[in-house]
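Residue numbers (the numbering used here), protein chains in the order written: chain A, 37 to 183; chain B, -12 to 469.
In short, the hints are calculated from the structure, not lab data.
Mixed in with the good hints there might be a few duds.
What the hints assert, rightly or not - Taking lysine to any residue pairs in the SDA-like style, the calculated list, with each CA pair at most 25 angstroms apart, reads:
hint, chain 1, residue 1, chain 2, residue 2
1, A, 129, B, 293
2, B, 465, A, 129
3, A, 122, A, 151
4, B, 465, A, 104
5, A, 100, A, 67
6, A, 167, B, 293
7, A, 122, B, 262
8, B, 451, A, 152
9, B, 467, A, 124
10, A, 129, B, 160
11, B, 467, B, 351
12, B, 451, A, 156
13, B, 465, B, 406
14, B, 451, A, 98
15, A, 91, B, 451
16, A, 122, A, 139
17, A, 122, B, 189
Keep in mind the model is a prediction, meaning the values are calculated, not measured.
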Amino acid sequence: MAGAPSPQSRKPPNRLPQGRTPYEPPAQSVAGQVVDALLMLVLVVITLYLPLLLKLAGGGTTTKTVENPTWESLGQNAVMAAQWEKLDFTPEKAATIIGTRFDYAFNWGAMAFTALIIVGYFVFLFRYSDKQYREVIAERFDGPPRN
Amino acid sequence: MTSTLQPAAAPPSAVPGTPTAEVATEKSRKIALLRVLGPGHVWALGVGIVLVGEFMGWNFAVGKGGPLAALAACWLAGILYTCVAMIDSEITSTVAAAGGQYAQAKHIIGPLAAFNVGLYLVMAYTMLEVSNAIVTGDLIEAFAHSLHLEGTVDKRAFMVLTVVALAFLNYRGVLATLTLNLVITAAAFAAIVVLFVAAQPWAPGAVLQHESLLVGLPYGSLGILAAMHFGLWFYLGIEGTTQAAEEVRSPARALPLGTMTGMMTLLIAATLTWYVSTGLMPWEYLGQAVTPLYDAARLTGSRWLELFLFLGTLFATVASANGCINDASRAWFAMGRDRYMPVWFGAVHPTYRTPYRAIVFFVPIAILFAISTPLDQTITLSILSGLLGYTLMGISIVLFRRKWPLGTIARGYVHPLHPLPALLLLSLCTVTYLAVFLGYGTQLLAMMAFYIAASAWFVLHRYKYVRRGEQFTMPWPKPKGY
């Protein structure tokens, strides 16, 4: 399926009424570019890598320990036990994996805080983007005559 | 060695006589990306990145909710990605520019949103590349163990080798890179089909033991919600088909065709994968396995099948990492070209005509994460960046239709039932945020901290280097309401 008119029939005019002067950005030095690039790397390391390195982020789990585990005490039927053994697991080796569970205890305060951060982020993103977008459109379509 | 420190490639679809055309003519004197890719390459780029999701990572959904919850998550995520593919096909076939969703956000929402979308893409693909490198290392170690060569293989060496070798391949040229992807993606898909057939699904109990291995919902219905987190991994990255828009010969045809056929391929592969894996492994093992399909092959007792799935997993991870480097670098390149990032990154290699600086820049980060972070964490970082992008995509299509109603600009493809796919997409995104919050809430906040800090940096510092009017390069009329 395709839309109707060709782009040519709707193209923006070449010469438009006098409008705003196009914004001319400053030139950035090579050193400034290097600093900006490194800043992004530092931001990745601080916000994403360090929490993992310091074990501040990750799966919230609890582990149930079983003394002298057997396949039966770990809740595994005969077929399950056979498959574990084909994978080179003994009940002792498998006990930690079987006993580990996610902790889904709900903290409403933490959830509300997280939701607030996400919604606030998107609201700011759209509002500020729209403000910048209006500048872009004004300069693109209402700018001074182009030669 | 570089051709220029200025933005390099010409904007697409310039109309003669317009200001865009003048800009395009001026810029076309500089080096542009090569338009050499067809629908098959687009399919390979999308599926090649994503197919690895069947070989690893998806099974963490079993760990979060049990096997039945993972199946529910598989299909719910399939609906989410069908919405993504529909919306993305319409926008991409209309805004065909390198950077994909980044370029789309620039034209439809605005600069800050585009900057964030660019970062989503870069982070999602880089963390996916990291996950692939981790699995490659673990897989080779497991295979060596299977051959009784314990202790002779350092998996970290293979993780580093994967990242560096594929970065080099991408540095050398996109056609060779994606043609290779086409071949190894087809081989990896064949491995899934062969495993499914070898498991004799027509004879329950012969190889597959669903009756004894399938359990109910160990976490209750909350587990279905929680499993949605890793359910996205079955398909994450399919939207990567749009990243090579400037290198596709016929974007309006090839992009929707490649994306939609890719989605169908993945839906089939995801279902086959779930069925075979849950019939061979206890759910507790499956829920934490690094290489579940390779393990499934081991459990069939066939050495040939084990070898085939070893190669299939290896091919899938390599194809995915390869596509990820391609996509992340193109998004970063597009941002550099527009000065959202230092313009130095917007250069194209004078001989290979690839965004070589953007390719090399992320190699150290990829290596750092690959050798020192757990797989479920890097997967979560990738999923979260993708999820933020899908949320924005749902709102973006509503704005797109409002600013340029049907009939006002030429669209390569118009998706049906608007705005239902957008509303469904936003609802499923909300569910997935909640799913990630269950068990990985701290990481969700860490990711938000990254994007909020990056946005503050863009608003307060970086945007002053960006030309305003030049960000809008499409030959469209003024948007409605502006």
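Now for the hints, and whether the structure bears them out:
no. : hint             : in the structure
1   : A:129 with B:293 : holds, 23 angstroms
2   : B:465 with A:129 : violated, 66 angstroms
3   : A:122 with A:151 : violated, 44 angstroms
4   : B:465 with A:104 : violated, 74 angstroms
5   : A:100 with A:67  : violated, 55 angstroms
6   : A:167 with B:293 : violated, 57 angstroms
7   : A:122 with B:262 : holds, 19 angstroms
8   : B:451 with A:152 : violated, 29 angstroms
9   : B:467 with A:124 : violated, 65 angstroms
10  : A:129 with B:160 : violated, 47 angstroms
11  : B:467 with B:351 : violated, 44 angstroms
12  : B:451 with A:156 : holds, 24 angstroms
13  : B:465 with B:406 : holds, 23 angstroms
14  : B:451 with A:98  : violated, 49 angstroms
15  : A:91 with B:451  : violated, 37 angstroms
16  : A:122 with A:139 : violated, 30 angstroms
17  : A:122 with B:189 : holds, 23 angstroms
When the structure is compared with the earlier hints, violations turn up for hints 2, 3, 4, 5, 6, 8, 9, 10, 11, 14, 15 and 16 and for no others.
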